[in-house]
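2 protein chains.
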Amino acid sequence: MRVAVDAMGGDKAPHEIVKGSVLAAQQFQNDEIILVGDEKAIQSELNAYGKSFKNITIHHAPQVVTMDDPATYAIRQKNDSSVTRSVELVARGEASAVVSAGHTGAAVAASTLHLRTLKGVRRPGIAAALPTRHGICIIIDVGANIACKPIHLFQYGVMASVLSKYMFGIGNPKIGLLNIGEEDAKGNDLAKETFALLSGSGVNFVGNVEGREIFDSKADIVVCDGFVGNILLKFAEGLAVSFLSTIKAGAMKSFWTKIGLLLCKPTFEELRAKMDFSEYGGVPLLGVNGICIICHGRSDSKAIKNAIRVALQLSKNNVNEHIVSELEKTEAFAATAT
Amino acid sequence: MRVAVDAMGGDKAPHEIVKGSVLAAQQFQNDEIILVGDEKAIQSELNAYGKSFKNITIHHAPQVVTMDDPATYAIRQKNDSSVTRSVELVARGEASAVVSAGHTGAAVAASTLHLRTLKGVRRPGIAAALPTRHGICIIIDVGANIACKPIHLFQYGVMASVLSKYMFGIGNPKIGLLNIGEEDAKGNDLAKETFALLSGSGVNFVGNVEGREIFDSKADIVVCDGFVGNILLKFAEGLAVSFLSTIKAGAMKSFWTKIGLLLCKPTFEELRAKMDFSEYGGVPLLGVNGICIICHGRSDSKAIKNAIRVALQLSKNNVNEHIVSELEKTEAFAATAT
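Respectively, the protein sequence lines represent chains A and B. Oh and the first sequence: position 76 is 162 in my numbering, straight run, nothing missing. Oh and the second sequence: position 217 is 303 in my numbering, straight run, nothing missing.
Incorrect hints may appear among the rest.
Note that the list lumps identical chains together, so a pair holds whenever it fits in one copy or between two copies.
[To be verified] Below, a list of computed lysine to aspartate or glutamate pairs in the DMTMM-like style, where the Cα atoms sit at most 25 Å apart:
#1 K320 / D270
#2 K415 / D302
#3 K320 / E268
#4 K205 / E269
Just so you know, these hints were derived from the structure itself, not from any lab. This one's a predicted model, so the numbers in the text were calculated from it and none came from an experiment.
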């Protein structure tokens, strides 16, 4: 398998991206990594290792999308950017997956434009795995589609079910709808219509899931529109950081709590690892015709290496083929929904 | 001042509600508390104290709104419920505030129906204070209005500014708009239109606030629609509980981390207190003609006592009069917005 890595995307690009790719190349020796971006900059990073890697190649792209570029501008005006060139490699079949820690909007726009959607998919959606008390909960969409219709959320449920099975080993996962109450008739128009659609669809729908219930394993998958999902995901990150820093600052106030904090270090390390986005590496954009893994802007080499692992896992498990066949089964039903 | 307390609302009603009211009556001896609900049940609770309280009276209401009642049903079919009767006391001027830990939707509906909105207010909104690293952030709306227009969010900013000043002592607070990016043109239609409205309004608007920035004191007030706000608030609660229980379970794994956890107890107690909704007591429904404090369903006596304190504070500071006069100043501007 070949994975195209956007070497110029992310706060720590190209250094950490190249480093993560090297780690992945060493771990997955039967697979290939194509580093896409400024040839000189990438080569200079690779030279630092003092040896060559037979499964790493460079694909030159002279432009870089910056975080200040609006997504549409980035795609229309920067045809030669590392993210667009990476996606094009997948579109032409020269790679089966793309990994980018750059501008999320640009990665989504480039993927949607150049890869197109899978057969039957109305809108691509980003699926993020949130650590809960007893495992994980997949939230979809967390930012690709902020103008969702019920059919989009329904399809997100189906696509995430495939992801759940082939990435996390949970077959027939429980699908919930993010809402403001447990009762059937709660929520805004989108929530009410989606509830009705999911209820009659034959998928494993467990009803409305409130914000606090995400952590209770009520559902393995929670569908929501990308506006709410994106806010929620970033809120979780902010709350977790705030929480840990409050504990640390609080414990520094006295001698005994300082000692206590020191003794608890393994516990906090474990918690930090559980919440650490770099463990998961990246989140897949589901529904496009190719594997696209979007990484956190602050991704380090570990995150990139894990994102490449996820990309390979999804490619090798033919997740997209399974998505197409699962959606096909719901086609007749979905036709009545629009 | 007189506060009407819905004695039958909440998971621990009437016991904890009456207990909290007794605590408040003892603390605020110049104020009066009217316990509204089943006379016999309330009297029996009061009898347990073995003495009478000169500033507590009972107002009989034979019906109770249960959590299973849809809000509209509760209001239309249960005219004699404790929450409706409590609100009516305020509407008739026999009390200046109502406190309820019962069905939130019913309390909002009853207040909107019987108290009506303040002059100039388009839609009432619930303002919740979220503890952050350096203080608090007021999120409005967290569930009263799930079909928001830009003008509603604009007014929420103005109303919460008054609350910020008279409840938390922060004059000229920074107002932010909850959104999915920092750039001006980000977000769904509501966010984009609200951004434009707030930008030109002359209020202290600091721009878009992402989920993670809520904890960074970027804004003192964050406006959002009630669907997103409600999900966020409950999500925060779930995440905090999950976090603490994960730490506890993790620390139980070894002898030394167990000791560490024990030593850190004061730190965790402090954190728990900071996050504890019962410290704040309840959240005000801003924009109705009367003070309405909505409490968590799981409120205990401490939460109820604090909610009564908040109700008195808002009444005595004439928060509603200030809201009307602040909104009057924006009237000419707001007229152009609809």
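Hints and how they fare:
1. For the homomeric pair K320 and D270, the shortest alpha-carbon distance between copies (18 Å) is at most 25 Å, but the shortest distance inside one copy (28 Å) is not.
2. Neither within a single protomer nor between protomers do K415 and D302 lie at most 25 Å apart by alpha-carbon distance, with minima of 30 Å and 46 Å respectively.
3. Taking the closest pair of Cα atoms, K320 and E268 come within 25 Å of each other both inside a single copy (24 Å) and across two copies (12 Å).
4. In the homo-oligomer, the alpha carbons of K205 and E269 never lie at most 25 Å apart, since the shortest distance is 34 Å inside one protomer and 33 Å across protomers.
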